[in-house]
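Engineer: This is what each chain is made of:
There are 2 protein chains.
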Amino acid sequence: MSKKWVYLFKEGNASQKSLLGGKGANLSEMININLPVPPGLTVTTEACTEFYRQGKKLSDEIISQIEENLTLLEEQTGKKFGDENNPLLVSVRSGAAVSMPGMMDTILNLGLTDIAVEGMAKKTGNTRFAYDSYRRFIQMFGDVVLSIPKYKFDHALENIKEKNNYKFDTELTTEDLKTIVQRFKRIYRDETKTEFPQEPEKQLLMAVEAVFRSWNNARAITYRNLYDIPHSIGTAVNVQSMVFGNMGDTSGTGVAFTRNPSTGEKKVFGEFLMNAQGEDVVAGIRTPLTIDKLNEVMPEIYAQFIETANILEQHYRDMQDIEFTIEQGKLYMLQTRSGKRTTEAALRAAVEMVEEGLISKEEAVMRIEPKSLDQLLHPRFDADDLKNATAIAVGLPASPGAATGKIYFTAEESVAASLRGEATILVRKETSPEDIEGMNTSKGILTSRGGMTSHAAVVARGMGKCCVAGCETVYVDEIKKTMVVGDLTLTEGDYISLDGSTGNVYQGSIKTVEPAISGAFGKLMEWADEFRKLGIRTNADTPKDASAAIKFGAEGIGLCRTEHMFFEESRIFSVRKMIISDNVTQREEALKEILPMQKNDFKQLYKIMGPRPATIRLLDPPLHEFIPHDEEDIIELSKEMHVPISKLKDIIQSLQEFNPMLGHRGCRLAITYPEIARMQARAIIEAAIEVSSEENIDIVPEIMVPLVGKKEELEVLRELIIETAEKVKEEKNSDLKYLIGTMIEIPRACVTSDEIAQYADFYSFGTNDLTQMTFGYSRDDAGKFISAYKEVGILEVDPFQSIDQVGVGKLVEMSVKLGKQVKPNMHMGVCGEHGGDPASIEFFHKTGLSYVSCSPFRVPVARLSAAQAAIKNK
Amino acid sequence: MSKKWVYLFKEGNASQKSLLGGKGANLSEMININLPVPPGLTVTTEACTEFYRQGKKLSDEIISQIEENLTLLEEQTGKKFGDENNPLLVSVRSGAAVSMPGMMDTILNLGLTDIAVEGMAKKTGNTRFAYDSYRRFIQMFGDVVLSIPKYKFDHALENIKEKNNYKFDTELTTEDLKTIVQRFKRIYRDETKTEFPQEPEKQLLMAVEAVFRSWNNARAITYRNLYDIPHSIGTAVNVQSMVFGNMGDTSGTGVAFTRNPSTGEKKVFGEFLMNAQGEDVVAGIRTPLTIDKLNEVMPEIYAQFIETANILEQHYRDMQDIEFTIEQGKLYMLQTRSGKRTTEAALRAAVEMVEEGLISKEEAVMRIEPKSLDQLLHPRFDADDLKNATAIAVGLPASPGAATGKIYFTAEESVAASLRGEATILVRKETSPEDIEGMNTSKGILTSRGGMTSHAAVVARGMGKCCVAGCETVYVDEIKKTMVVGDLTLTEGDYISLDGSTGNVYQGSIKTVEPAISGAFGKLMEWADEFRKLGIRTNADTPKDASAAIKFGAEGIGLCRTEHMFFEESRIFSVRKMIISDNVTQREEALKEILPMQKNDFKQLYKIMGPRPATIRLLDPPLHEFIPHDEEDIIELSKEMHVPISKLKDIIQSLQEFNPMLGHRGCRLAITYPEIARMQARAIIEAAIEVSSEENIDIVPEIMVPLVGKKEELEVLRELIIETAEKVKEEKNSDLKYLIGTMIEIPRACVTSDEIAQYADFYSFGTNDLTQMTFGYSRDDAGKFISAYKEVGILEVDPFQSIDQVGVGKLVEMSVKLGKQVKPNMHMGVCGEHGGDPASIEFFHKTGLSYVSCSPFRVPVARLSAAQAAIKNK
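Chains as they are written, first to last, in my numbering: chain S, 1 to 874; chain L, 1 to 874.
Since the hints were derived computationally from the structure, they do not count as laboratory data. Keep in mind the model is a prediction, meaning the values are calculated, not measured. Glycine is no exception: its CB is placed at the ideal position from the N, C-alpha and C atoms. Any given hint could be a false lead.
Some chain L residues close to chain S (C-beta under 8 Å, calculated; not the full set) [unchecked claim]:
hint, residue
1, 567
2, 659
3, 663
4, 751
Bound-form chain S, shown alone (with noise of 0.2 Å):
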């Protein structure tokens, strides 16, 4: 038996989207279910498929059950391709499975002849509208289907009118409609070397042929590469019945969605015109009424409409947007699909159909898109203020959300600004460590250099904070404290506005709005929660980070890294004389300086978290990171310390490294100085003891261990933090219980996490540093080459941004088995850029972990991905 290329609108429904493309299932489906759908057919996408196979060729047998089907439609009709009479007119279109614009356009009139264009002005009883629908026909089949210029057919017309000094084609006359008619055959045979074809079957296979090859056009080829669709799944090619919205008064056409796509609101939302076709409301010539006009127009049309929109949004169990036509009093439905909507109105329309009982909770909390949370959940530009705005730069999009403030160039400087009270922004060409505070006290971040991973986007996107990076046209003067855009030049104290979104730079101010979760989104939130079996934890550092986190749902931290508060300007200076210290005693000393104020950056966390658990880190980068480099910093540094300048450079010199990330830093630094494990292991237990009792709470201190590739590591510590603790428990007369775990981020300690397991009591996956040693990849470097690996196809995704689940992924399995083997309950959870990412949660909710940690920002979008994933994989 041969295969079925061609299938009648009647014969198909929804589910064959992959056979018949998204518009010729749905066609199918709505007539299925009793609406109005003019007749048609689908030519199928595995026809594409073989007129690929065939060299670009139609085989016969496609052709043939063209043709038989045809028949078919014509007896459905009741009409005649090319008929004298009553002619078949259709429209073409193409329609693969995944909607894809850069396709060909549509062709309407299908089958207008000499013959059947006088068949046309006899059934309408208008001659004019039959000769103006066959110009017209001719000029798109010419151009789409055979590339002949547009402006060739223009001119043509053009020239007729101002001939006859006509202003609006309205003004043409039969005669002229003729006329051109005539001049536009003669184009086509100039152009093409032959005569426009007068057989309407002949047409059609040309036109279905077009569309087949407009599958691999540049346009179309390029859209495929950007959002990952096979190239072998080829289109459909829908050919229905013409019905015409341009008949006069009593026809009109329209597009409308049955929900507001803004706002979500439940109530039909669309256009339409009167006497007019779908391309009229397109081309913005005439201006379309709101639907509820047609209230007025054609009450009864209106009314079945809205009754036929109501049925399909029922059918299809969400919001549709659909295009229909009225001829001659008949409403006709061209097509229906899933409506594009705002996150706002999504998560709305979601919640209500729930509330209506149109789709369940699972359903509701699957339909959004976790990553379009981000839009809500930063700080965004007043929409009408911000027309009054100027861009005056371009960067690149590296942390979302809106700032408004005045700019400064030294952390220093914003620092103290922001102590003033007043609202700043850091411009910098680009930023290191030192400036941190800097950054975190300024509303957002612009730098000159760098790019997506470099050091101001990674940190700006952990704080949450908004940041432009890499803005290149934008030249910052450090010293004389100017930023230089074109002949623009701002100084110290000027305000400008970042949209971190967009990579705008604005000069000026402008009005933010403050994100909340609340309404459906606080809703749909609760619901994912009730799914999901991850836990959310959020990577914080500071209270304010911490409450952010709180605000948008974290359930503990997950991990808070102690160095970022060796930063902070009051004690630097501390840090710095316990590094440079000549000896143990010394560095003990300046231990104890930094000791109190360790314990209280803990109390702090501790208040806010209550009975949230808190993963705490200590410290992890190498020494040199917290030591100035430049030679008047350093000149500053000895007058400030007392040390004369040779010393300190040699401290430098010898603290330098070739390798930094694979250097001195981590748990090595707590075996090699264990009296800097000890000072905040006590700043740990000391702050936990304290706020247990002045709250009344039980705190169960987390303390992690970063960087443990061997389990002897782990082991020594392990020992090093229980005495310690002890003895503060003892001191305080304390019954405290605590946890000692490790980051699991070294591929060593993946492949022996069973040994190490022995002496953790939790785990958390440290999935940046896994992806950097797993690959080979410094993130500080790989800028360059993980692009030219994407334009090359060798990584589709940047590692850093979704886990690598065949290779890292592996690992994590891997480390998850090992470990579980001996210790079953083990409590393992993920901090990193990852635990933001819906594709690399779902991942970790297979592997088994009990919780993913991500920056504040991302706590929300953790939730759904994470209860998406549950539901997925139930």
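Go by the hints and put chain L onto chain S.
Structural biologist: Quick look at chain L alone, frame taken from chain S:
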């Protein structure tokens, strides 16, 4: 039933070393084979452990077993402890399972008391001898058991001698000796507040306890830590009835080896003293005679001794180290053990024992410590000439061998001098990649900075070149061209000599002797080759390396690093031109200049290797390694290249990386600059085709892609290489076969090896980089904390020296397994320093690799290690 804590010698045997200690077990064994051994008993190592368990006390049970066995010993000897006519005297010696210096000294003549001394006098008819023995015993017992300072006894003795104007001990009369005994007992009382014990049983128990205590003295603990001997195993105590070598002219004592321990010659080798005790031989007051002289003194005893030595060697099937005593014409054996020997002796003895039928070839192969071959594989100083040399400094023994030459302070001048035919020593503060050629042409390298893993050390070991590194007492002034050591200043052209095995630096020149594999060494290597399953290849970048390796038995090249060829002075200019190119066309121009040079390199290599396989790796290091970094060199380069300094600096800046180890290198270069890979592929294929035809052999080039982490990388580059190779083959009308494989050196490659194998004809594990990434250790930086880790016991060995089997090894195993799932017969080897480490080689054998590749001078070590691995794991 109670445990047996004490064994009579006649109850034990050689297999009980862990219970009876080495000495005790061998004494038992000698009795079993009817050799004349004075009877005795052994208190077991378990008794030692029990002693510590009891809080450093002998349990009643142990004491009573000692006493019971003493009684049996009295019966055996017919003597009685403390007897007034025929007293039993014993020696007490420690004896652990593992030979271990640093423990308790021997106590002789235990059992002497005021009564027994008279009995001894009666029995021997020599009162003076009896009292002389008594005073020696008191001193030894006081010193060894109770730590009474020896000098106190010596003073008392000297006192009597002075008073009597004696010059020698032999002048002391019996009465003098009796007085001395009184004085010694008084010293004992004054020091210990107790009387010198007059019950032999008590003396014995005190001595046994002292031996057990000495197990945990500081020296012993240090020794065990150093040699990885468990602290828990304890020592045994041997109590043996005394025989006297100092009972007149028919008595004597000696030590001997069954073969010459320096040369391995099969001839008993040793020395003896008549009328002396063991300590006299050691003390060196009298000069002992060589063992063959015994034939003149006591021919029958000599014959018996030679016979006994022969029996022992036949019985133990190994060269023995024997102690003996002759008491009044009767021979007694006091100890036998496997004799320590030089590598040369070990080889000769092993080979000759096989020829004698004493041991099998397998045993011979197993007897040689692979690492010991090292001393035979490098030039050595002529022993006679060395005697006259003056050492002026000691640095780290960074790369073994001996070298003599004129000093030069820059690579350029060293190269120039070598071209003039001078033997040179390159002296630098530290070396950098730019010094490679200077290092290569010099005889040896001396640096004043850097450790065992500094650039100089690593590269020198790779080259098999003598290097003394981090010689901090030498001040190197590269500007003035002087090296200063204390008062001595040496200038350019002065001679020095280096011993890379000891770190010694000598002033002046010393003759050197070149290594060769011949004689017994050669024979043993042949046997090793019969047993081993692993192939042995070499890492060789130059024809010189390749020749050396073949001489040492390499079967192919496992790693040829093409970048080393880039540094040669004649081509670095073209390489730099390539790097600073603005576009592909410029770069291709520069590459065109490099192509013929690279081709010539490969042709030379292929000519030397003949039909042996050679794996050539594409460019690996980041490009910035080829560009100078200091101001002066940049200015010079700018002139040479006619490129503005600012542009050069921009390029250098843009190439800079935070973590070059994880940066833009390896196949990442080949993908971003495909023209480089194309040039290299062309050079390799052209060279192979030309040499195949010139030499009429079939070369199958193996082209290796470094640093692959994703299968897509190899997929893309494989295609590129094939395309180039096929083009060359067409041009040259050749049907050359070639293989394309990859380094497995990134953790991700290991865990996705099933994917990568699809595009690889072979694998070579790059365990250096794999170790760096699996541990997260930068080899350039980790020195500091690796040594700290070894001290704390976190690392047992440096994982860069011996592969970490648990972690890195697990990834290798996984990769082998996954790769063989796809290609069961794929050829897999290992390159990197682990390829020359015996423990690592055994691991690679077990993992099922096809070959190991190591530096030329490790090839014999690898051959032997591979054979031992095969024999052990049969």
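Engineer: Each hint should be assessed against the structure and marked as holding or not.
Structural biologist: To see whether the hints hold, each was checked on the structure:
no., hint, result
1, 567, "violated, 19 Å"
2, 659, "holds, 4 Å"
3, 663, "holds, 4 Å"
4, 751, "holds, 5 Å"
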